[in-house]
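Novice: Here's the letter readout for the chains.
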Amino acid sequence: MSGVAGKELRIVGFLCNWCSYGGADTAGVARFKQPTDLRIIRVPCSGRVDPLFVVKALLTGADGVLVSGCHPRDCHYTDGNFYARRRLEMLKRLLPFIGIDEKRFHYTWVSASEGQKWQQVVTDFTNQVHKLGPMHAKKESEG
Amino acid sequence: MAEKEYAYFSGCSLEGTAKEYDTSFRLVMKTLGVTLTEPEDWSCCGSTPAHTVDHVFAAALAARNLAIVEKMNIGTLTTPCPSCLMAFKKAHLGMTEDEAFKDQVNELLDEPYEGGVISKSSLQIIYEDVGLEKIAEKVTHALPDLKVAAYYGCIMNRPPDVAQFDDPENPVAMDRVISALGVEVRDYAFKTECCGAAFGVPKRAMVNELTYKVLSMAVDAGANCIAVACPLCQQNLDLRQEQVNRAMGASFNIPVLYFTQIMGLAYGYSPKELDMDKLVVSAGPLIKTRIPIAEYRAMKEAEAAAAKKTPKAREAKEAAKTEES
Amino acid sequence: MYKVYFQTYEMDTINLSEKTNWEFIEQVQKESGENLSLCYQCGNCTAGCPYTNYFDYPVSMVMRLLQTGQKDTILNSKAIWLCATCETCTTRCPCEIDVAHVMDTLRIIARRENKVSEKDIKMFYDAFLDSVKRFGRIYEVGTLLTYNIRSGHFMADADLGPKVLTKGKIRFFPTKIKGSDKVAQIFERFRTKAKKHG
Amino acid sequence: MRVGVFICHCGNNIAGTVDVARVAAEMRKLPGVVYATNYMYTCSEPGQEEIKQAIKKENLDRIVVAACSPRMHENTFRKTIEKAGLNRYFLEMANIREHISWIGEDKELNTAKAIDAVKMAVAKVMKNKPLYSSSFKVNKRVMVIGGGVAGMQAALDCADGGLDVVLVEKSPSIGGMMARLDKTFPTIDCSICILGPKMVDVAQHEKIKLHAYSEIDEIKGYVGNYQVKVRKKATYVDWTKCTGCGACMEKCPTRNAYDNFNFGVAPTRAINIPFPQAIPKKAKIDPAFCRQFTKGKCGVCAKICPTGAINYEMQDEIVTEDVGAIIVATGYGLFDLDKFPEYGAGRYPDVITGIQYERILNASGPTSGHILRPSDQTEPKTIVFVSCAGSRDKSLGVPYCSNFCCMYIAKQAILTKDHVPDSQSYVFYMDIRSPGKGYDEFTRRAQEDYGVKYIRGRVSRIYPKGKKMVVRGADTLLGTQVEVEADLVVLATAVVSAPGAAGMAEKLHISYDTFGFYVESHPKLRPVETNTSGVFLAGACQGPKDIPASVGQGSAAASKVQALFSKDMLESDPAIAQVNTNACVGCLKCVRTCPFQAIKEEELRNGKKVAKVIETVCAGCGVCTSTCPCGAIQLQHFTDNQLLAEVNAICQG
Amino acid sequence: MNNAEQIKETIARIFPDVETVICYQQGFDGLHATPYFISIPEQVNKLIWNPLCAQNLTSYLPSIKKKVGIVVKGCDSRTIIQYLQEGLIDRAKVVIIGVPCTGVISVKKVLREIGHQPVVDVVFDDNGNIVVKTQKGEKRLAIADVCPDKCTTCQYPTPLVYDHLIGEPIASNKPKEDVYKDIREFDAKTLEEKRAYWEKEFERCIRCYACRNACPMCICQDSCIAETREPHWISQRLSLQEKFMFHMIHAAHLAGRCVECGECERVCPMDIPVAKLKKKINAEMKELFNYETGVNPDDKPPMYTFNVDEAKIKEHKL
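Protein chains in written order, with the numbering used here: chain A, 1 to 143; chain B, 144 to 468; chain C, 469 to 666; chain D, 667 to 1319; chain E, 1320 to 1637.
Because the hints were derived from the structure by calculation, they are not lab data.
Heads up, the beta-carbon is just placed ideally off N, CA and C, and yes, glycines get one too.
Mixed in with the good hints, there may be bad ones.
Here are the in silico distance ranges between beta carbons for each label pair [unchecked claim]:
#, chain 1, residue 1, chain 2, residue 2, range
1, D, Gly1166, B, Ala448, 48 to 54 Å
2, D, Phe802, E, Thr1353, 52 to 58 Å
3, D, Lys1133, B, Val315, 23 to 29 Å
4, D, Ser799, E, Thr1353, 51 to 57 Å
If we strip away everything but chain A, and leave its shape as in the complex, we get:
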């Protein structure tokens, strides 16, 4: 069940090709039902995710952004997620400073075999964003 009542929100996901994108595939193959708000962008590695992509998304229309990579030590490129972890942590701490709830942004690690974890992450994060509601509601009503 989608578990999310009401209108869909815009959630952008950046998934590394080797682990989390595979994990999302695994969840799909196992038919683990998930809320439908998430839109997935495939990147080779979580280390490719410039925090500015997250900012760009949040400033231009996303209500939530999820970044998911391989577990630390298990990066296909050895170190990519170690850099990601530092940069995304920096961003997570900066967001509330500019008035964006840090709960709108989540980064985590899901391996290709963790279909169930992926389902949990998507469900929980979508619920979390729904609790906060749309971020750009004001503009929508203005426009």
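Once you have looked at the hints, place chains B, C, D and E on chain A.
Specialist: Quick look at chains B, C, D and E alone, frame taken from chain A:
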């Protein structure tokens, strides 16, 4: 060393049938330099019966006491009774892990409990907080006649997630505490098999059978007494020993002491001070011989030296043995 | 020595389409917080249960009856009352089900629905709780007497009396704690709340 | 730009919960999209043909296929458009199956999501650039890590095919777990009798170079050109001199060394040859037990050795092997008894593991094949086997089935009856899992012909009572608790990943699951490949496997390597980082962060210092791109603009 | 100020060794100091040294290939250290003349005080005051009252790296725990307040890029992605969204690099508190990695390195 202080929840049993547990624990704590402060106006933890009524209600009976202790600003509560301990731990866990549950429980209480109390069994504070070194240090008397089987009962260490202490299948804390006193301990397999708990009254036959198993395993292991840490276990093993004998056609006559009584004996308290006369199966003969520790050690050293001096005799003995085999 | 469970009750064909009480399954899952589907019937709980010889249904069978939603059979069973919460099943369950907690939940539901098969045990528990309500603590003699009178087992443990008395193990008079009314209030509030929620 | 969009129904897999026709209709409205259609099975031959035709007819220059995961079919469709004359990187896939149709039930929401997903793919494909591979030479030498039956099979198949093979084995002898087994199910043929000759083949094959008692220190490089640092651990015996005569072992005064080969069933000497058929048959010293090391004096073996091979000063030696591909066959590990406190946690000598019992059964084992129980060396009459000791046990972190225990328990019970005819075996089980050829007949035979009593239920407790071990379990079919008073208890302990499996995976840059087993490229279609090209899997390192399956995988991996090495040159993945030297300010932050040291400083003709990517070394992670402040270094196919196009398609769409 | 004379002497001494020395001279009026490049010792006469010498001259260093001398204050020296951490300059090619500083003057604040009157003359008295003469009269201002915000929490009045030190080193008299006090206070506001604050501030941005141009750590020069199409992060539209994004780019690129010299705010014609975002990140870098920019040349900027086990980064639960 800074003195340790605990909120001491003795529990209902220790006011009645288990008075000697209370007496001996307080004495031992005095020796070990631990301060026990009784929470004012504590009430029953709810125990098993409350759990058959309602989860929230049961937690509330326990949490009333936790709230009182929380106000004392001591932080850690200790109770000798595993049943009280489990009630506190479960109430605390339920309330700290689930905000809604906490609210429901606090609704039933006058003073809310906020989750700031750690509960530990008396065995745990003796084993972990005081430590074996200190336990051994304070020994004044050797008890050479005791061969102890330590019996932990079912819920001292279980379930492991809640108890967070020792091994759930083969606990060793009590064994080590008693060993640290210089007293001989016998290992056996039934340390945690349930004795029948509170069913002594309504389902006596059940308790007889379970208690019988525990007693026989201890005797088979060569123990001549059993050490316990739970008032209910003591009651079932000691008070009901004769009921067991009658029902199962056995003839057990094995004293069941609180481990704190054994500690007290090793620390030089008299059997009278330790309420030893309250045991139904008398431990009298076993604890008659008490040798001041210095004297006892000298004795042992002399024995060892004598054995060393005659290596040839030993070799001869060994040679004889190998020939035999 | 071991009792076969088929002897304890008659096995009628259970029409699962009609006789599966889905609400009951849901209720137990919700109140206990445990997922009953996790049980794969390995029998470890039964294997370790010290009381199983006295049970009409061994624990694993209680779990199975739960999975199939056999509400009446479970709530009328002796097993749920003969469980002493020794936590062996919970400790050893490979599926990490808190079985003892499920049994607790079943007792609570049985009590609520007035379906207690083991009246003696319930009476003993009630006598215990009465003492708590009146005095704030347990007054052992009183508890035993109350139980004996209510259960009709007038001489239960009478043989132990002299032992206990001569050893000075029993207090003849209850100590009433100062805050006994506070404890009684917990009982009251709980009753009012329970009534309100039906 | 002329984009063509193809929406796949995937039978009902997608079309069942996504309105594919509407998705196609929506796409037609997008600027740049000149053609959009939906098709039953786009990946089928006619489906691919339709794409090719459309490219020609509609003059399409960019293609979007909305279907399953690109991890599944990206390559398929890249080839398709390439055949139609487009650069393969002008393809984008939208994953509307795994990420949409299979995980959502609401057709309305799914369709909206699919429309977004395809829009994103269209936005991206319009930013795509043609990319061209370059080619590089392959080193046609293969390394096999692990000398168990899977690794040996792989090594022999590669070597027989003419490839040079480097076989690296962690322990002093090859042979692995199979060398320890007594008989094998369901044929009951002698394990070492069928494995021994294979081991000799490995030893004598001129194409196979064996590093025994060696571990992998470091792996660098990429498919076709790996450099592997192998640590040859100190044996304190010069193997060039050691003849394997065994004189040292006989005279060694230390008799209590732990015997890894026998899983501690009996002690061994501090200097030992693990077993009679060992390959290489050479001695090695265990310094944890050797008196020369623990006490600083002894030297008996040095005195006795006829060839003077003993060298107490020996150090580990590092050798570097250059190979083009790696087959990982590192096998599995087993749960220790200490995981089972309710079974005594190893305190009761007569509660042993299945592999220990295997050694007791084995004619070359410590009891010379006589079944004698460890506590008193008497012959047990009542033997209890406990299956799933740890397996299928979530609370112990092993929720999976260990695959072959049911079978070996049946085998051991049968052998027990053969050895001790008046014995009675009991097997506690939850389910009997025997789905192989002749397997179920085998477990039936144990019960029907050998009288093994199978009891359906778990064992809760094992404790000693006199000389017996009481096994208390449940018989769930009877619905009761049962007890067996046994002389010996054998636990079929859970199969877990090999010790150090995770660390090895990290060195290889391959994925492993929560349990430490290596993850294959595709569970069905690419069972021996990994996501790191040039690294292949064989045997139980991927998951619990019995001998036939392991051997099969060994051969499969070997054939994959043969196929890879059939070309002299390999094509590089052009999706690597590229520097725009005009924009690069030469701050070289990318050089600092590149996990592969694939970027260096370069001075242009005009004297400007800029970053330069070493094409063959770059693995394409893109860390540099997210490091570069001025966007000068861009990971091809995942450039800032390509990803921004996707972000914008969602957020501003 | 005696220091000026000492600086001049020192410059004269180092001259054959360096080709240029960067220092300050008076600007178009007495209130303004301006960078001064000396290429022959004789030019040294025009050098000035007073609290108006506020600019961070080190920004020039990475682009100068020749060996150069430079006059730096404590705060400026952090830039040099940061350059060294990032390998952007060659220490051997810089001769640093360090001058301990008791605080500089914000010209903007002075102008506000004198009502933006044309300045006739500026003198400093011995009691830490600046006296500004205008046609309408004379204004005496305590330097401490018109200093930029950074001076109020200055921890490093004495340069952390130098070849020649002018005068005696001074120790900081500002409490260390106050450095990020403003950040903590701002952080305590509600999300809505903070969002509104930044929207109001950034709305005023005219995208003149002065902040970027003045920033010593903005090394991209003409390649700044605020203005490129490859990659195309933001459009040239003057919308709040684009302005917000520009400032986030600036902040993100300075994560763990901003040396808090305050040049961005000094030059901003719209008085936008642009340094605040970077200071916030610096506070987090301190908390997460115990890293402080520009104090130790051997440190590694935290965004270009990692620890396999990060002590302070905990996994986030949903």
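Novice: So, for every hint listed, does it hold in this structure?
Specialist: Each hint, compared with the structure:
| no. | hint | result |
| --- | --- | --- |
| 1 | D:Gly1166 x B:Ala448: 48 to 54 Å | 50 Å, holds |
| 2 | D:Phe802 x E:Thr1353: 52 to 58 Å | 57 Å, holds |
| 3 | D:Lys1133 x B:Val315: 23 to 29 Å | 25 Å, holds |
| 4 | D:Ser799 x E:Thr1353: 51 to 57 Å | 56 Å, holds |
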